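Chains as they are written, first to last, in numbering that gives the first Met the number 0: chain A, 0 to 289; chain B, 0 to 449; chain C, 0 to 325.
None of these hints come from the bench; they were simulated from the model.
Pairs of lysine to aspartate or glutamate residues, derived as EDC-like cross-links and limited to a Cα-Cα distance of at most 20 Å, are as follows: (1) A:Lys-66 / B:Glu-35; (2) B:Lys-188 / B:Asp-240; (3) C:Lys-46 / B:Asp-94; (4) B:Lys-426 / C:Asp-161; (5) C:Lys-46 / B:Asp-231; (6) C:Lys-151 / A:Glu-47; (7) C:Lys-46 / B:Asp-147; (8) A:Lys-50 / B:Asp-278; (9) A:Lys-50 / C:Asp-161; (10) B:Lys-334 / B:Asp-132; (11) B:Lys-88 / C:Glu-51; (12) A:Lys-17 / C:Glu-107; (13) C:Lys-46 / B:Glu-232.
This structure is a prediction, so every number in the text was calculated from the model and none was measured.
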Amino acid sequence: MSKAATADSYSKNMLHQKVFRTIICILFCIIALLPFVLLVMNATRDSESIKAGVSLIPSTHLIENWKNLMIKQNGMQITLQKAIINSATITIPGTFLSVYFSSLTAYGIHVYDFKFKKFAWAFIMAVMMVPSQISIIGFYRFMLDLKLIDTYVPLIIPTIAAPTVVFFMKQYMESTLSLEMIEAARIDGSREWNTFNKIILPIMKPAVATQAIFQFIAQWNNLFTPTILLTTDSKKTLPMFVQLLSSNQFRTDYGVVYVGLFVTIIPLVVVYLVLSKYIVAGVALGGVKG
Amino acid sequence: MKKKMVSVLLTASMLAGMTLCAVPVMAEDAETPENEVTGDASADDSFVVWGWNDDIKKILDGPFKEAYPDDYERIVFVNTGGSDYYQSKLDPVLDDPSNELYPDMMGLEVDYVQKYVNSDWVQSVADLGITADDYANSYQYNLDLGSDVDGNVRALFWQATPGCYAVRADLAEKYLGTTDPAALAEKFKDLDTIVATAKEVNDASGGKCKLFSGYDEIKRSLTGSRTQGFYDENDKITIDDNIKTYMETAKTLYDEDLTFNTDQWSADWSANMSGDGVDSNAALAYMGCPWFVYWSLSDAWKGNTILVPTQTKCYWGGTGLAATTDCADTELAAKIMKFFTCDEDGMVAINALNSDYVNNTAAVSKIIEAGTSADGNGYLYPDAGQNFMEFFLPLADGLDASMVTAEDQQILSLMDTQTKAYATGEKDLDTALADLTASIHDTFSYLSAE
Amino acid sequence: MNKKKKKMIDYGRYGYFFIAPFFITYLVFQLWPLINTFYYSTLSYYKRNGREFMEFAGLQNFVNILGMAAGERGYVLSYLKNTLVMWGCNFVPQILVSLLLAVWLTDEKVKVKGTGAMKVIVYLPSVITAASVSVLFKSLFSQYGPITQTLKDWGVLGKNFDFMSSVAGSRGLISTILWWMWFGNTTLLLISGVLGIDPGLFEAADIDGATGWKKFRYITLPLLKPIMLYTLVTSAIGGLQMYDIPALFNVPETGLVGLPDDKTTTMAMYIMRLYNSDVGKAAAVSVVLFIITLVVSLILFATMSDSEDRRMKKEQKQRRKAGGRS
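Isolated chain A (complex conformation) (with noise of 0.2 Å):
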């Protein structure tokens, strides 16, 4: 065989092994994408045509079943927009404590020398491991003795302690603070608090985005913690209507089942799409799974 054929068959095998690849990767996408398109699909469906099998045709009934979504719905202490504001009122302001605090504490531990410090990033480190599902029987005991079962304060104020989030933020400090630029803050006259705000925030940004966008998620879609905090109906969460949507109050409509769970997902979707170089990227650089 001469050079040239061997060449050639050799490209030749590359291609095909990009054809292959390719395939099978375009095939594990359309796996990941497909009960999107099925639940999309459903959504403008009827019940009857839905129990008939699996199609991917649209059909003309979403706004039909959406009307019969909002009657079903409509007078029962809590309906999908009530689920998704509540839902926000926790999660906005948790992922802001979460992110604000945490970045404090890192910047604590970074920058400053005092005597529990090495202790203290000890302590961090060792529990970002023990998730909070464990300690939730003390925790809602003592929850009922302060009297703060059915609000929204031991689900928000918790949020100020995340040590993942801390980790996080101070490894990315060690690789981008300097700690000559506080230095200079300070022959400048900036107080401490100032220097924080002012000027270590701000450089922080890319890390502080990131964490934000999956304390966010993590916290949209928590379950656990709310069901057993929360009793009232009008002030349950989305993945709690959610747990209403697959009832038997929901009984005799699969449509209105399918385009209740479309509405669900449909706020991470747009997030995602949106922040998705963030996100996807944020994954490899964190790499903490909630």
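Given the structure of chain A, go ahead and fit chains B and C onto it with the hints provided.
Below, chains B and C alone, put in the same frame as chain A:
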């Protein structure tokens, strides 16, 4: 390329979202919402009543309002929607009398009424000024259900709930060849006959129509006629023979493919109510009782229902009314309770509203004499010549609910799990029964397995 | 650690101010409840007919939930098993698929088109509310659901097959959901791992004429070990807490029993079932879960700190191996 795709996706989903939100939403009251608070709970003199459906509310809105229009204005009704999670919503509020929605009075279902009458949450009816004379016409089994362990009556019932099978006349005509109530009763006279009838229907319809939607249609006839509770006076768990019989029959029905294997109250169970038995699946009979007929049957059953006694006398469901310990107005509580559960005229009016079989023998006689409600709110099949109240009269007599425990609702659910595991062949009967005992003990650690 | 840091004794107290909110919050809302949970686990503390009964019980709750006393079933062990089976059946295919995708999507030689879009797409499922995903799959695969119906029409499933009353079917679907939600996340993690490998290693191997498989076997795989271990442990800790998906998937309305036959009930569902009615037992289950999580975390720390030291040595060793064997 990537950006383009993302932006296309984004626009598409946004557009979809916007169209959805732009759809004008009319507050149609064609369908009553299942879950709501009606009335102003923040008013000083509000009187809060809890229930898990609108059964109580309809009576308040109808006959009660007519009788006591001023008191009616004060009533706030909380509908939690769904008996299955009623307790988990009710209990935290009962522990917190300062809550605006703390019930002054509440509806309690048979499967857990015993928990509440034995708690510190409810008052005895004697404290409300209701005497034994007032409820002298009540069925005894209902009084037992509403009494605590010391025999103090704390909850009263407005309906009696003798069990029956509701048979769809058009399907019976087609697949069993008769609409004669007596002939149909023969087809349901014992469990073996029921299995045989199920085969007959299945064969005649080629599997499109089955006798029952799921094997659990026979559940209530067996659990509602037990002689033994789920535990004895020493809190030791006991399993009645009826449970075993139920599991065995369920397995037969499952193995021979004689039902659609749905769960009661599920979407598919509902759908089988309206099928035609030719193109779409349909069930020929459902476990029923007076409230089931007017509350649960679909339109396909209007003027199309024949009632058949269950193979053994049993009760199914029922709602007790109880006033809470911190009830703000015991006078009104007593008034409502008397109207619902003692007052002959009130109970005749309830029957006129929904044709329910009321828990008052004198009122029942009156209704039968007057000949009202004969067609069961329009559900009964006219050609069968049945009279709704007369049909239930003998069935309501001599019902026994002394075996009902505070934990029945959850235990029955645990039993469903084990029944399914046995029916589908996951385990044998002895294992299923042993597992049932173990899971009861696990859920209620104060009940002992040994 | 960076030794260049200057001493700033004057400012030290700010350190305390800055970390105070975190620590106060953590102590009040996490540590104190955790200590309390331990305390409650030693009580017999349950409700009957709305009344609370409480007395000291020592380790009796643990003896009971582990099935070490007569008449006790040890449900915590069966629920642990359920949890591990469902998690394991998702994790093995997850790591395999992710490995494949990670290697292919980073291969400089055989470039797959549209890798950017692919990354975005495969990660999408993991941001969606697990509750919605669970209900979606439940509706699709229920007894008379569209996918079940279509599979029956095609003859793939028997006429009476029902995912919801089959143990393998229900567990399998829950594993599938977990896999579907997380394989994209793991793929992205492994991609960052592969990109972190010194390209010089591959170049050296190329010069020595190593095949794609050999490069994978002797360079990529060993060097990905730490990140794979990390993925394994975080996924295992997450898996042990599994709640949203099984709790919404196949349970009766009356309570958190994972059907069929209690075979899809997880530890977290057990805690949720008991938290109000049997405080002592629920606390004991939490403590058991805590101990298991602790052990798993310790393994992570051990391997993580270990791997940092070894990485340099290993890299050199792998370089030699990959070059030498080809």
